[in-house]
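Protein chains in written order, with our numbering: chain A, 1 to 101; chain B, 1001 to 1194.
Check the hints yourself; a few may be wrong.
Computed list of lysine-lysine pairs in DSS-like fashion (alpha-carbon distance at most 27 Å, straight line) [what the hints assert, rightly or not]:
#1 K78(A) x K1188(B)
#2 K25(A) x K1186(B)
#3 K1148(B) x K1109(B)
Keep in mind that the hints were calculated from the coordinates and are not lab data. Just so it is clear, the structure is predicted and the values come from calculations on it, not from any experiment.
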Amino acid sequence: MNYLLINFVLTVVLELIVFFVFFRKDYIKIFLFVLLINFFSWPLAGLVFGYWPEYLLIIELTIFLLEGILIKFLFDTKYKKAFFVSFVANLISVLAGVFFI
Amino acid sequence: MKDALICSLLFVMFLVSFVSADMLTPGFKPVEIKNVISNFNDFPDYYFVSFCHSPMGIIHLVDDGIVCGCYKYSQIDVYVIKKESADLDTLLTLIQNSNRHFNESEIRKYFNETDAILVLENVEHYKTVPISSTEEVITNYYEVNLSKVQTNPIDREVNRNNLWIIYVGVSVVALVVILVILLIRKRKNELFTN
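Okay, chain A solo, but in the shape it has when bound (with noise of 0.2 Å):
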């Protein structure tokens, strides 16, 4: 449980630092949204990655596609800046879990 928990904080801090380089105003609001989309993806991708291990890349290109939309409307921004903020946020979370955990 603690690592699941030390997992979850490290995402959500790193995804926290890419968003406030991409939309540099509201703070507050850039981390209630960071976190709420985060409590939306990450339970279901650990979910899923604990009965299908062996598909690591199918579910974090679902949960890239999946944040995206829901940046995109919480954002209020473009699907192309969504996507690109998207891609980089899961991409740096997924390369510190290989790397560091």
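Please build the complex by placing chain B on the supplied structure of chain A, with the hints as guidance.
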């Protein structure tokens, strides 16, 4: 002096390799695996012996059709020995000896002398799954056939915990909150435009 240092370093590296072999991959947990021979009672004239290969080998008498586990990197095979050709005392002594000092060639020699038949090969007894997995206990069922070596169970039962309820619950709540935020925003925008 330099040689002694290199030797010590190599020795430490040798030890570390054993330590890391026993460590779990971060983010993964072992699940309990039970192996059950479902038609165990159909063979009252046979002893069932589970044989764990080295490293850390050991042999056990299979009791009530349940195959005992052993060291995670060992391979478990199950042999049957006809009771009339096996002396139970010798077998028990061999089992006791295998606990103290494992001698694979001695066991193989005994199996040859008693015409032991290999019935289950490479029985799954160790598995790791992601920590987020809901798997708790896996029970594999085997049906022994004296004329066939089996490697896969005929049936498998997976007991899961209720962690999935938390995962799905948190996700659904988050999605509902997101949808409510978007709806409120839409209403506000409509009010402004009107």
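| Proposed proximity, K1186(B) with K25(A) (alpha carbon, max 27 Å) | Given that 27 Å is the threshold and the Cα spacing comes to 21 Å, the pair holds.
| request: Decide if the proposed pair is consistent with the structure: K1148(B) and K1109(B), CA atoms, cutoff 27 Å inclusive. | output: Judged against 27 Å, a Cα distance of about 22 Å means the pair holds.
| field | Proposed proximity, K1188(B) with K78(A) (alpha carbon, max 27 Å) | value | Holds: K78(A) and K1188(B) sit about 20 Å apart, inside 27 Å.
The structure is consistent with each of the numbered hints, conforming to all of them.
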